[in-house]
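Student: Spelled out from the first residue to the last, the chains are:
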Amino acid sequence: MRALVVDDSKAMRVILSQILRDLHFEVLDACDGLDAVKKLEGQGPIELALVDWNMPNMKGIDFVRHVREQNLRPEMRIVMVTTETEMDYVQQALTAGADEYVMKPFTKDVILEKLGLIGIQVR
Amino acid sequence: MSEMDEAIREFLVESYENLDRLDTEMVVLEERPEDKETLASIFRTIHTIKGTCGFLGYSKLESVAHVGESLLSRLRDGKLRIDDPITSALLAMFDAVRRMLAEIEASGSDGAGDYSELVRTLTALQESGSPPTKAAAPPPAVAAAPVVSAPVVSAPVVSAPVRAPATPAQTGFQVFAKATAQKAEAPAPARGEDARPKEREFPAADAVHTPSETKSNSGVADTNIRVDVGLLDRLMNLVGELVLARNQVLQFSNVVDDSAFAATTQRLNLVTTELQENVMKTRMQPIGNVWGKFPRIVRDVAKSCGKDVQLELEGKDTELDKTIIEAIKDPLTHIVRNSVDHGIETPEVRRAAGKSPQGLLRMRAYHEGGQVNIEISDDGAGIHTDRVKAKAIEKNLITAEQAARMSERELLNLIFLPGFSTAAKVTNVSGRGVGMDVVKTNIEKIGGAVDVSSERGKGTTLKIKIPLTLAIIPALVVNCSKDQYAIPQVSLLELVRLEGDEILREIEDLHGAPVYRLRGRLLPLVHLDKALGLADSTDRSQAINIVVLQADERQFGLIVDDINDTEEIVVKPLGKQLKGIDAFAGATIMGDGRVALILDVLGIAQRASVVSSTRESGTRDAATRVAQSTGERSTLLLFRAGADRRMAIPLSDVARLEEFQRSQLEFAGDGRVVQYRGEILPLLELSELLGWPTSEVRDPLHVVVYTRDGKSIGLVVEQILDIVEEDLVLQKRSRREGTLGSAVIQERVTDLLDVEGVLRRHAQGFFDEADLETARS
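Residue numbers (my numbering), protein chains in the order written: chain A, 1 to 123; chain B, 1 to 777.
Because the hints were derived from the structure by calculation, they are not lab data.
Every clue listed holds true.
Partial list, computed: chain B residues near chain A (C-beta under 10 Å):
1) 6
2) 7
3) 12
4) 13
5) 14
6) 18
7) 43
8) 47
9) 48
All C-beta atoms, glycine included, are put in the ideal place defined by N, C-alpha and C.
Given these sequences and hints, build the entire structure.
Tutor: This is the structure in structure tokens:
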């Protein structure tokens with residue numbers, strides 16, 4: 001299975017990628033929404049996207065809207081990564097088409113639980 | 001664990017980079033508090049640090065970043081307006097974060113530092129607009145409250161005190177804050193007017209995130225990778241070696257007659273050049289990397305001196321080699337501190353002087369001819385040269401006599417002398433025992449030059465010229481006494497070759513120093529072999545090669561045996577045997593495998609006293625500037641004195657030109673006189689007075705009549721030559737008795753007659769001493 005990590009912080013990308021790799025994902029990453037849209041082109045199926053909220057160029061919510069409105073990746077489950085200060089954004093994200101949210105910081109188990117909620121089975 | 005390490009490393013690198021930007025952004029924000037883009041960027045940085053800390057387990061850093069983030073989010077959402085205490089607290093928070101990052105880097109944990117005070121301050125500031133204090137005030141005060149929290153303003157006055165403590169807005173959870181705001185607005189439609197303008201003034205943050213507004217100001221491009229600087233250094237060294245090998249192969253291919261080999265060599269040549277250029281590029285960094293910290297420094301220094309200074313940075317993208325960037329960091333910092341501390345006046349003084357109370361400090365960087373120029377100019381009080389003079393004398397750096405002779409420009413340059421500092425008191429800002437001399441030394445160490453200009457009341461400008469890179473430089477290779485030397489091309493102006501007769505004709509001897517007239521300018525000549533103390537073995541009667549060089553704004557000609565090609569040379573440091581010799585800047589290996597020394601042009605010039613080590617340079621420039629600034633050209637009378645001396649005096653000093661027959665001469669007292677217009681005109685034979693050989697006895701005598709205070713005296717000259725209008729460019733080096741100096745007039749070396757000096761010495765009975773004194777002063 002493949003996952004896309006979208007975050008403007010490279011440190012965060014490293015951390016998130018590692019968690020996902022531990023869960024046997026093959027990980028792609030992108031540094032903002034625009035970059036993520038580019039990364040989606042010409043790729044095989046991508047089952048999961050972890051999307052940060054606060055990014056330059058194209059922020060997370062705009063990425064989610066774009067993907068859902070253009071119906072770019074119907075198969076892709078989108079999980080918004082937020083912090084508690086961004087709680088009111090969660091509803092917006094879900095409305096825009098995100099499937100779940102996860103609050104920073106989180107552990108592998110939290111991710112596992114969220115993936116279960118959106119129907120992704122991990123070995 | 002290694003993934004964790006990688007994450008931590010990324011976290012540190014990324015956070016440092018962002019923090020460096022933060023200082024600049026904060027200063028921008030202070031000027032334009034409503035700049036949403038900047039606020040969003042600052043918020044994002046702290047937000048990211050906080051978010052990542054959670055994963056990495058740095059709880060202390062997380063907690064500091066958390067309160068910082070909350071405060072920033074309230075600023076971002078327009079619920080608070082940035083002011084001085086908030087700025088200072090945020091800056092303190094950035095510093096704390098930086099300290100903890102350093103701890104993490106050093107020890108792996110965010111340290112034992114106690115930041116609870118800072119956390120309290122930040123929390124308090126967040127709530128400074130909180131309802132309990134403001135809302136308790138009477139209604140007009142509520143409406144006018146400077147720090148606005150939406151629910152407070154629009155809430156009914158009566159219920160405010162009750163509602164306020166429960167308002168969770170200050171905890172930073174915006175989801176609740178918004179709900180409260182809506183609720184509060186509803187029961188007080190009449191007060192809506194109060195709330196709405198405020199809201200417009202501090203618009204909610206949503207707009208910040210529209211893609212159109214958040215232009216690409218940051219963003220980690222995935223096409224970038226981080227490379228250790230040590231690796232780049234090694235690469236650069238290897239490329240240097242490759243360049244040397246290439247040079248050797250090139251030389252070899254010239255001797256071998258093999259077209260296939262020649263073609264391959266050509267290819268090698270091209271690839272090497274390109275490789276060298278590209279490796280050099282990897283080491284290039286925009287100067288903005290160093291400048292990033294200046295807004296903060298300027299702010300801090302200005303605050304501590306009670307000044308208001310605006311910093312303008314121009315040319316941030318100008319690129320320089322990393323080693324050079326490192327090398328100029330401290331000198332630049334020092335100059336900037338100095339400018340704010342000593343250059344720019346306090347607002348009161350500025351206002352009194354009719355200037356805007358806010359001082360302006362401008363830094364500008366740009367490329368020019370393979371060099372980078374950096375200018376730091378302020379619009380402050382300028383440098384008080386009288387004070388500089390007094391200080392220099394007091395500190396025994398120069399004598400009073402020297403000082404009296406110094407031009408304005410020379411006086412300015414005294415600030416670069418070791419042990420000089422005009423600050424009346426040592427401040428903690430710039431008086432750290434490091435003076436401008438260290439600045440100058442450091443800049444010259446990397447092959448740069450620094451120059452100062454200043455106008456009283458208008459400001460001071462420091463101009464720094466530095467090379468782009470140090471590792472590989474183009475140089476001219478010359479031969480002297482059978483050895484090869486490399487001359488850095490930056491100092492090179494042109495090459496001159498004189499053959500046969502030209503040597504005798506065009507090289508003149510100016511009181512023991514050889515000079516060459518290059519397009520109307522006197523060029524002092526230096527024999528390289530003599531300057532280096534080598535055997536003077538070469539026969540130079542047939543041809544002379546002159547390398548025209550620039551040293552410290554002075555030009556001179558270096559006489560060498562042979563001039564070879566220009567070459568890219570790799571600069572190698574000198575061994576310790578040669579290190580102390582100022583004539584050499586380094587060594588290199590030539591194409592033929594031999595070692596050549598790289599000449600330090602300034603060092604050679606100083607050795608040969610073409611420029612003096614205490615920088616009494618710029619006489620030429622000073623004279624030129626005076627001529628230009630007044631817009632005056634001198635009109636000069638040219639004449640010959642003695643068999644071959646060309647001399648000049650200002651035409652304004654000349655009353656008449658006369659011819660007398662020898663038979664008219666009479667004797668009175670010690671000297672010769674003639675009757676002239678019913679008076680007795682004493683005559684002075686110039687060539688005799690100056691000790692120059694005269695030609696054959698002349699008849700008639702050519703006399704220049706000099707008049708002052710109704711008294712006249714006749715100066716007997718060999719021949720009147722011409723009257724010219726010229727910009728006088730005096731070379732005082734050659735000054736001697738009876739002359740004020742030499743200049744090139746009509747492409748000939750000409751001495752300017754010191755009329756007053758001659759008269760004082762030789763015609764004392766004629767003018768009163770008192771007259772002469774006043775005339776001289």
